[in-house]
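A.B. asks: In order, the protein sequence lines correspond to chains G and A. For the first sequence, the working numbering begins at 1 and goes up steadily by one. For the second sequence, the working numbering begins at 1 and goes up steadily by one.
Treat the hints with care, as some may be off.
[Said to hold, decoys possible] A few chain G positions that, by computed beta-carbon distances, are all more than 10 Å from chain A:
{"no.": "1", "residue": "E171"}
{"no.": "2", "residue": "Y207"}
{"no.": "3", "residue": "T218"}
{"no.": "4", "residue": "L222"}
{"no.": "5", "residue": "A267"}
[Stated by the list, open to error] Beta-carbon label-pair distances, calculated as ranges:
{"no.": "6", "chain 1": "G", "residue 1": "Q135", "chain 2": "A", "residue 2": "A73", "range": "18 to 28 Å"}
{"no.": "7", "chain 1": "A", "residue 1": "A73", "chain 2": "G", "residue 2": "P164", "range": "41 to 51 Å"}
{"no.": "8", "chain 1": "G", "residue 1": "Q135", "chain 2": "A", "residue 2": "G118", "range": "34 to 44 Å"}
{"no.": "9", "chain 1": "G", "residue 1": "C291", "chain 2": "A", "residue 2": "P87", "range": "34 to 44 Å"}
{"no.": "10", "chain 1": "G", "residue 1": "Q135", "chain 2": "A", "residue 2": "A168", "range": "44 to 54 Å"}
{"no.": "11", "chain 1": "A", "residue 1": "S10", "chain 2": "G", "residue 2": "A267", "range": "38 to 48 Å"}
{"no.": "12", "chain 1": "A", "residue 1": "S71", "chain 2": "G", "residue 2": "L155", "range": "41 to 51 Å"}
{"no.": "13", "chain 1": "G", "residue 1": "L318", "chain 2": "A", "residue 2": "R254", "range": "32 to 42 Å"}
{"no.": "14", "chain 1": "G", "residue 1": "L37", "chain 2": "A", "residue 2": "Q130", "range": "54 to 64 Å"}
{"no.": "15", "chain 1": "G", "residue 1": "A168", "chain 2": "A", "residue 2": "T16", "range": "56 to 66 Å"}
{"no.": "16", "chain 1": "A", "residue 1": "S71", "chain 2": "G", "residue 2": "V146", "range": "45 to 55 Å"}
{"no.": "17", "chain 1": "A", "residue 1": "G118", "chain 2": "G", "residue 2": "W231", "range": "47 to 57 Å"}
{"no.": "18", "chain 1": "G", "residue 1": "C291", "chain 2": "A", "residue 2": "Q130", "range": "45 to 55 Å"}
To be clear, the hints were calculated from the coordinates, so they are not data collected in a lab. Here the structure is a predicted model, which means the values were calculated and not measured. All C-beta atoms in this analysis are idealised placements derived from N, C-alpha and C, irrespective of residue type, glycine included.
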Amino acid sequence: MRIQFGLLAALVVCLFFGSLAVGPEPISLWSSVAAALKGEASIPAIILTEIRLPRALIAIFAGATLGLCGAAMQGLLRNPLASPGLVGSSSGAALFAVFFLYFYANNTGNWLLPLVGMAGALGATVLVYALAGRQASITTIILAGVAINALATALMSLLLNLAPSPYAVRELVLWTLGDLSDRSMQDLYLMLPATLLGWAMLLGIGYQLNALTLGEQTAGTLGINTNRLRWRVFIAVALAVGACVATTGMIGFIGLAVPHLLRSLVAHDPGRLLPASALGGASMLLAADICVRLVPTDAPLKVGVVTALVGAPFFLHLVLRSRREYL
Amino acid sequence: MTLLSCKNTSIVLSGTTVVDDFSMQLSAGELVGLIGPNGAGKSTLLRALAGVYPVQSGHIRLLDKELSTYSTAERARHLAWLAQSGPINWPLSVERLVALGRTPHQRAWQRTSVSELGIIDRVLAETDCQNLRHRDATSLSGGERARVLLARALASEPTVLLADEPVAALDLAHQLQTMELLRNFAHNSTACLVVLHDLSLAARYCDKLILMDKGRLVAAGSPRQVLTVEALREVYGVEAEISNEGIPWVLPKRLI
C-alpha cells in the first residue's frame with residue numbers, strides 16, 4: 001500500500017516539474033529555477049515564478065480537491081457515480097461566479113470571486129439538504145441535487161441569453177469551461193484558505209467511510225454519527241470545491257473518474273481512497289494542463305474540455321467492463 | 001444481572017404502531033430467542049434496542065443507564081446489532097470487512113493492532129470463514145455472507161448481541177454451528193437476543209423464548225412454556241404437533 005502512495009506522490013512531483021517546463025516560451029527549467037532562486041529578474045525567472053508556478057500549484061490544489069471530494073462523496077453516498085458536484089457545489093459556485101462576473105467585474109483576478117464561489121457552493125448545498133429533509137435517504141439527496149443543479153444551469157443559461165454583447169457571452173462561456181491559464185499567485189492565495197479548511201474537515205473521516213460500507217444503520221451501531229458525518233462532508237466539499245471552481249471554472253470528470261480509477265489500487269477501501277484520489281486528482285489535472293499547452297490549436301484549448309474529452313471514453317470503458325461482468 | 005431491558009416501549013413508524021407497550025429483559029449469560037410471525041415487529045424491536053430507531057414511549061436500559069443517554073460511540077462498545085441481510089457496499093476483502101467490527105474500539109488514525117488481529121482470526125474460525133478470508137465480500141453466497149457478517153458483529157466483542165435472523169440463509173450444519181456459537185457467546189456472561197423463524201432450533205438452543213405478535217408480547221419463558229399448541233394456533237394460525245418429552249420440537253401440520 002505504501003508503494004502505491006509513493007508512486008502516486010512521485011507522479012505528482014514529476015508532472016509538477018513537467019508543468020513548469022512546458023509553455024509557449026522555451027525556457028530551460030534548470031537555469032530558470034536557478035535564476036529564480038537567486039532572485040534574478042531575468043525573463044526566464046519571471047516566466048517561471050509569475051506564470052508557470054502559480055499555474056502548476058493551482059493545478060495541484062484544485063486537482064487534489066476534486067479527487068479528494070469525489071472520493072469523499074462516493075464513500076459517503078456509497079455510489080461510484082457520485083461526484084463533488086452532486087449536491088450542487090460546483091454548479092452553485094459557477095452560477096454565483098458567473099453572476100458576479102456579469103454584473104460587477106470583468107476579470108477573474110478579483111479577490112471577491114472565491115468568496116462568491118464559496119457562498120454559491122454553500123448556498124446550493126444547504127438548499128439541497130433543506131430540500132431533501134433531515135432524515136433523507138440517499139436517493140432523495142441525489143434527486144434534490146439533480147434539481148438544484150438543473151436550476152443553477154438554467155439560471156446560468158438565462159444569464160448567457162441576456163448577456164449584452166457576444167463578447168461578454170464568449171467570456172462567460174470560456175470561463176465556465178474551466179481554465180488554468182493566466183492565473184497569478186494572488187489567485188492561489190485567495191483559493192487556498194477555504195480549500196485547506198475543506199481538506200482539514202475531511203481529515204480523519206476515513207474510518208467512518210469504511211464503516212459506512214455496512215450501510216448507515218449498521219455504521220450507526222458501530223459508533224458513527226452518520227448525520228454529523230453527512231454535514232461534515234457536504235460542508236467540506238462546498239468550501240473546497242466552491243473555492244476551486246471560483247478560481248478555475250468548472251472542471252468535470254476528475255472528481256468522478258479519479259476515485260474510480262484508483263479504487264482497486266487501495267483494495268476498495270473507502271478511507272485509503274481519500275489520499276490516493278487527492279494525489280491522483282492532482283496528477284490528472286497537471287497532466288491535462290500540460291496537454292493543453294502541448295496540443296497546437298488556433299484558439300487556446302481549455303483544460304476543462306480536455307478532462308471531459310478524456311473522461312467520456314473512460315466511462316465508455318467502464319460501461320463495457322460492467323457489461324462483461326454481467327454476462 | 002439484567003444487561004438490556006425495555007419497559008412499556010412503543011414504536012410508531014409512519015403512523016403505524018409497530019411495537020406496542022412491549023416489556024422484556026435480557027440477563028447476563030442468556031441466549032433469548034425472539035419469535036413470531038412476519039410483521040410481528042421483531043426486527044423493529046431489535047432496531048430500537050440497538051438505538052437505530054427512536055422509541056415513541058417507554059424506557060430502554062443498557063447495563064445501568066438509559067439507552068438514550070449513551071453517546072453513539074459509547075453505545076457501540078457495549079452493543080452489536082446484526083442486520084437481517086445487511087448491505088455490503090464495496091468489494092472489500094472478508095478480512096477487512098470483519099475488521100470493521102473493531103471500529104467502536106479504535107481511534108480515527110489507529111491501525112488494527114496485533115491483539116485485534118487475534119480477535120479477527122478467532123471470529124473467522126468460529127464462524128468457519130477462514131477459507132473466505134481473502135475473498136471479495138460482495139461475491140459470496142447468501143449463507144457465506146451471513147456468516148461473514150456475524151463474524152463482523154462478534155469481532156466488536158459486545159456485551160449484548162442483537163442478531164436478526166442470523167441462520168435464515170444457512171445450511172443445516174452451519175445452522176447448528178451458528179446456534180452453538182451464539183449459545184457459547186451468551187453463556188460467557190454476555191447476552192444475546194436472536195430473531196429466529198425455526199421454532200425447533202429456537203427451542204433447542206435458547207434459554208428463553210419471547211413470542212411476539214402484532215407488536216405485542218404474547219408469552220415469555222422457557223421454550224416448553226412458550227411453545228404450546230394453543231399459542232401456535234392463535235399466533236401463527238397453524239395446527240402443529242409439539243413433542244412431549246425432552247427438548248420440544250415443532251412439526252407444523254396444516255393451516256387453520
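A.B. asks: The structure should be examined with respect to each hint, and the outcome stated for every one.
C.D. replies: Results for each hint:
1. Annotated as non-interface, E171(G) keeps its C-beta farther than 10 Å from every C-beta of chain A; the closest such distance is 43 Å.
2. For Y207(G), the requirement that its beta carbon stay farther than 10 Å from each beta carbon of chain A is not met, with the minimum near 6 Å.
3. Here T218(G) does not stay apart from chain A, with its beta-carbon only about 5 Å from theirs, under the 10 Å limit.
4. The non-interface label for L222(G) is inconsistent with chain A: the shortest C-beta to C-beta separation is roughly 4 Å, within 10 Å.
5. The non-interface label for A267(G) is inconsistent with chain A: the shortest C-beta to C-beta separation is roughly 7 Å, within 10 Å.
6. The given range of 18 to 28 Å is respected by Q135(G) and A73(A), whose C-beta atoms sit roughly 21 Å from each other.
7. For the pair A73(A) and P164(G), the beta carbons lie near 57 Å from each other, so the given range of 41 to 51 Å is not met.
8. A beta carbon spacing of about 39 Å between Q135(G) and G118(A) agrees with the range 34 to 44 Å that was offered as a hint.
9. Take C291(G) and P87(A): their Cβ atoms lie about 40 Å apart, and the range 34 to 44 Å holds.
10. In this structure, Q135(G) and A168(A) break the distance hint of 44 to 54 Å, their C-beta atoms being roughly 28 Å apart.
11. With their beta carbons about 45 Å apart, S10(A) and A267(G) fall inside the hinted range of 38 to 48 Å.
12. Hint check: S71(A) to L155(G), Cβ distance near 43 Å, so the stated range 41 to 51 Å holds.
13. A hinted range of 32 to 42 Å is violated for the C-beta pair L318(G) and R254(A), which are about 53 Å apart.
14. Look at L37(G) against Q130(A): about 58 Å separates their beta carbons, and that is inside 54 to 64 Å.
15. Distance hint check: the CB atoms of A168(G) and T16(A) are about 58 Å apart, consistent with the given range 56 to 66 Å.
16. Checked against the given bound of 45 to 55 Å, the beta carbons of S71(A) and V146(G), roughly 35 Å apart, lie outside it.
17. For the pair G118(A) and W231(G), the supplied restraint of 47 to 57 Å is violated, since their beta-carbon distance comes to about 37 Å.
18. At roughly 49 Å, the beta carbons of C291(G) and Q130(A) sit within the given window of 45 to 55 Å.
Hint violations for this structure: numbers 2, 3, 4, 5, 7, 10, 13, 16, 17, all remaining hints satisfied.
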